[in-house]
Amino acid sequence: MKKRYLFITCEEAQHICDKAQYNEATNWEKFKLTLRYFWCHITRSYVKRNSKLSESVKNSKLNCLKTIEREQIKAQFTKELSKQERK
Amino acid sequence: MPKHLINPDQWIDRYSDYLFNFTISRVSDREISKDLVQDTFFAGLKSMKNFKGEASERTWLISILKRKIIDHYRKINSKKGQAEVRMSYNSNEEEGDWLEERIADPFDKTAEDTLENDELGDAIYSCLEKLPEKQATVFKMKTIEGLETETICNELNITASNLWVIVHRARTAMADCMEKTWFN
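If you read the protein sequences in the order shown, they are chains A and B. Using full-length UniProt numbering, the first residue of the first sequence is number 1, and each one after it goes up by one. Using full-length UniProt numbering, the first residue of the second sequence is number 1, and each one after it goes up by one.
Chain A extracted, bound-state conformation (with noise of 0.2 Å):
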């Protein structure tokens, strides 16, 4: 096995601890991931703070409008204002 196929680099742990946040890394990549934390201190950092906002984001119960009625607004909105700016 080549050294490269199992050990990663700084910005692959943080590509890989990305995804992760979502669901969306491997078990290998997540393994991967794992190898790295044990000795480098930096990726051992950014997981930590990455994990920090994940947990922030999911405890504030946070919403937000879909982009459709986000657009649906703006374009009432739009008109509105160009109405006030005629008078």
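I should point out that these hints are in silico values taken from the structure, not numbers from a laboratory. Some hints here could point you the wrong way.
To be verified - Label pairs and their in silico Cβ distance ranges:
1) Lys61(A) to Glu179(B): 20 to 28 Å
2) Asn27(A) to Ser126(B): 33 to 41 Å
3) Tyr5(A) to Phe42(B): 56 to 64 Å
4) Tyr73(B) to Leu35(A): 51 to 59 Å
5) Phe42(B) to Leu6(A): 54 to 62 Å
Just so you know, even glycine gets a beta-carbon here, dropped at the ideal spot from N, CA and C.
Given chain A, put chain B in place with the hints provided.
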């Protein structure tokens, strides 16, 4: 000179999600929340001349929205009162099956939960406002709405690798900002 300026052209992009989040946590209904947010923007537009620039645009819009939410509950309560009279004469339903039990209670959450969620939500939205527009949009779609990678790529016409680069930049900036304002 006023500390803050008013710029309605950017209201929807900058504040619609923040106002929507504020509303839905209080009225628990997506459609009503959307209507209240839209009414708030319209009311803000009409009373723009009253904006003195002492508070930020966001704070000013929130104060309008709070009044809209109170009005909404007043309206519900007055309708509820009329309905209760009708029900007491016309229905043979079981004891305790009052209309008021079917209406969402705005004070259902504990005050502490609401306060903590609101403050954390404020901190997250304040950090989101500092991101470039594209990063903020992708972060919201992926992290808050929980949309699939493919859906976002199709909607924004970007590749998956492009999406992950944007997500990475957004998450790094968000973590930096949250570290300064919330984590510590």
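Tested hints:
no. : hint                              : in the structure
1   : Lys61(A) to Glu179(B): 20 to 28 Å : holds (21 Å)
2   : Asn27(A) to Ser126(B): 33 to 41 Å : holds (37 Å)
3   : Tyr5(A) to Phe42(B): 56 to 64 Å   : holds (59 Å)
4   : Tyr73(B) to Leu35(A): 51 to 59 Å  : holds (55 Å)
5   : Phe42(B) to Leu6(A): 54 to 62 Å   : holds (59 Å)
When the structure is compared with the earlier hints, no violation turns up for any of them.
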